[in-house]
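These protein sequence lines map, in sequence, to chains A and B.
Residue numbers for the first sequence follow this note's numbering, beginning at 1 and rising by one.
Residue numbers for the second sequence follow this note's numbering, beginning at 1 and rising by one.
Check each hint, because a few of them may be wrong.
[To be verified] The calculated lysine-lysine pairs, modelled on DSS-like cross-linking and capped at a C-alpha distance of 30 Å, are: (1) K13/B x K45/A; (2) K70/B x K79/A; (3) K45/A x K70/B; (4) K79/A x K13/B.
Because the hints were derived from the structure by calculation, they are not lab data.
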Amino acid sequence: RKEVEQDPGPFNVPEGATVAFNCTYSNSASQSFFWYRQDCRKEPKLLMSVYSSGNEDGRFTAQLNRASQYISLLIRDSKLSDSATYLCVVNQAGTALIFGKGTTLSVSS
Amino acid sequence: DVKVTQSSRYLVKRTGEKVFLECVQDMDHENMFWYRQDPGLGLRLIYFSYDVKMKEKGDIPEGYSVSREKKERFSLILESASTNQTSMYLCASSLGLAGGPREQFFGPGTRLTVL
């Protein structure tokens, strides 16, 4: 049962590049969507919520396409500090969230 | 800032031992969660609790039990540890359900090795 799928990568990009990650989810009744960031050997932390109209936070833009059941994350002007694993997260019924396995990004100078 | 703490960062136990992993949050969150994270498998939900003394099974509850006697504390118990329970264990908490699923705040994790 693959409820949230992501390309594991790794995505290797130079500083300043624009990179996009996609994620698909299987439960059409899902209502809440998030991107989390996890650094190596650290706990996941919320990067941003994903709203139906799309939303932007600085260099990061999240989009939701309910018809196709996918979520995207766009990172512009990549920094070395953006190197991490990005987890796509979708709600299940009730309080539980379903985490994707993550997409690894490596930004090099 | 929300703070979620876990009793140990690293733990080494022997097969058959009873293991307690403790998690405490200081933000009066209603919901608490236990996950394990393994390479290639991602985060998998073991148990969660939405209130004191309440618990719900997640995707992989076998071999585990939980206890929530106080709102701020959620314990994960391995009744008889096995080598396949070697993993990173992450605790998380969030506000209650009203308004929909909320951001989960994670503790730093406990890396458990069962020999």
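Next item on the list: With a cut-off of 30 Å on the C-alpha distance, tell me whether K79/A and K13/B pass.
Entry: Status violated; Cα separation ~40 Å.
Notebook entry, point to check: Is K70/B within 30 Å of K79/A, Cα to Cα?
Noted result: violated (42 Å)
Next item on the list: Would you check the hint for K13/B and K45/A, treating anything up to 30 Å between C-alpha atoms as holding?
Entry: holds (28 Å)
Check: Does K45/A pair with K70/B here, judged by a C-alpha cut-off of 30 Å?
Finding: holds (25 Å)
Checked against the numbered hints given earlier, the structure breaks hints 2 and 4 and satisfies all the rest.
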